[in-house]
Structures are given as structure tokens and as C-alpha cells.
Amino acid sequence: MSIFRRSKGGPGRVTVQEAAGRTGHGGSTERGDAVLLDVREPHEWQAGHAPHAVHLPLSALTSGAGLPARAQARPLIVICRSGNRSRRAAELLAARGADAVDVVGGMQDWAGAGLPVVDSRGKAGTVA
Numbered sequence: 001m002s003i004f005r006r007s008k009g010g011p012g013r014v015t016v017q018e019a020a021g022r023t024g025h026g027g028s029t030e031r032g033d034a035v036l037l038d039v040r041e042p043h044e045w046q047a048g049h050a051p052h053a054v055h056l057p058l059s060a061l062t063s064g065a066g067l068p069a070r071a072q073a074r075p076l077i078v079i080c081r082s083g084n085r086s087r088r089a090a091e092l093l094a095a096r097g098a099d100a101v102d103v104v105g106g107m108q109d110w111a112g113a114g115l116p117v118v119d120s121r122g123k124a125g126t127v128a
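Quick note on the numbering used here: the sequence shown kicks off at 1 and runs consecutively.
Don't read these hints as lab results, they were simulated from the structure. Check each hint, because a few of them may be wrong.
[Claimed, not checked] Between beta-carbon pairs, the in silico distance windows are:
(1) G64 - G112: 31 to 39 Å
(2) T126 - G97: 21 to 29 Å
(3) T15 - P51: 29 to 37 Å
(4) G112 - Q46: 34 to 42 Å
(5) S120 - G66: 31 to 39 Å
(6) R121 - E91: 18 to 26 Å
(7) A95 - D119: 31 to 39 Å
(8) K123 - G64: 14 to 22 Å
(9) R96 - D33: 17 to 25 Å
(10) A69 - S120: 27 to 35 Å
(11) S63 - G114: 31 to 39 Å
Since the structure is predicted, the reported quantities are computational estimates derived from the model, not experimental observations. By construction, the Cβ of each residue, glycine as well, lies at the ideal position given by its N, Cα and C atoms.
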């Protein structure tokens with residue numbers, strides 16, 4: 001059973017603070033139990049993403065791509081730039097049987113909350 005909030009007719013939604021806590025980005029020393037799954041396109045991912053996030057573009061997911069190994073059999077917190085693509089991805093994943101929710105406000109709110117963003121080299125990143 002999921003502990004995520006569910007909305008009517010679809011997977012649940014979480015705030016960036018809830019996402020950070022569940023994925024180990026919330027300032028504690030623990031790694032969270034959930035995986036942050038970033039569904040943005042490669043150029044967006046390379047510009048900036050949350051550390052330890054897993055990348056799987058929505059375009060690949062809708063084409064039938066499976067989850068990367070690090071994201072399999074774990075709760076998924078799906079994020080994009082603003083929350084639109086992640087909502088669609090969470091719905092698709094939930095339909096496939098995954099425990100998935102999306103992040104309201106996406107990486108824009110993540111960065112706005114002062115949570116870490118790194119680029120493809122591990123340096124300070126930006127939300128593209």
C-alpha cells in the first residue's frame with residue numbers, strides 16, 4: 001500500500017519538500033526509500049537535475065522503455081520542469097503497476113526551494 005496522497009482518478013501528487021524527504025534530499029543523512037525519476041529531455045537533464053535522480057525522458061517512457069535498474073521495484077517520485085510531463089508519466093507508470101506520484105511545480109519549485117541542482121558534470125546546475 002502506498003503512503004502517497006492520491007487524487008481523484010490518478011496517482012498522487014507531492015510537494016518538493018515531501019519529494020526531497022522521501023528521496024533523501026531533505027537535509028537528513030538518510031537516503032530516502034523512493035527514487036526521484038526525472039522525465040525531462042536530455043538537454044534539460046544535462047543543464048541541471050537533482051543529485052542521485054534517475055533519468056528517463058517521457059518520450060522514451062511513452063515509447064515503451066522500461067525503468068532503469070535503480071528505479072525498479074521502488075516507489076517513484078516523478079519530476080519534470082513544471083509538473084505537466086511528470087503528471088502524465090506518473091499516470092502511465094501507475095497504469096503499469098508502479099507506485100508513482102508526481103511533484104507539483106517540478107524542478108522549478110525544487111530549485112526555488114533551495115534544493116540541490118547539479119549539471120551533467122556534477123557542478124552547480126540550472127533548470128532549463
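The hints, checked one at a time:
The supplied range of 31 to 39 Å is met by G64 and G112, whose beta-carbon atoms lie about 33 Å from each other. Checked against the given bound of 21 to 29 Å, the beta carbons of T126 and G97, roughly 35 Å apart, lie outside it. At roughly 19 Å, the beta-carbon separation of T15 and P51 lies outside the given 29 to 37 Å, and the hint is violated. With their beta carbons about 20 Å apart, G112 and Q46 fall outside the hinted range of 34 to 42 Å.
Separation of S120 from G66 is about 23 Å and departs from the stated range, judged on CB atoms against 31 to 39 Å. The hint said 18 to 26 Å for the Cβ distance between R121 and E91, and at roughly 33 Å that hint is violated. The supplied range of 31 to 39 Å is met by A95 and D119, whose beta-carbon atoms lie about 32 Å from each other. Under the hint 14 to 22 Å, the C-beta atoms of K123 and G64, about 33 Å apart, miss the expected range.
Checked against the hint of 17 to 25 Å, the C-beta distance between R96 and D33 comes to roughly 20 Å, which is consistent with it. Checked against the hint of 27 to 35 Å, the pair A69 and S120 fails, with Cβ atoms roughly 20 Å apart. The supplied range of 31 to 39 Å is met by S63 and G114, whose beta-carbon atoms lie about 35 Å from each other.
The structure shown violates the earlier hints numbered 2, 3, 4, 5, 6, 8 and 10.
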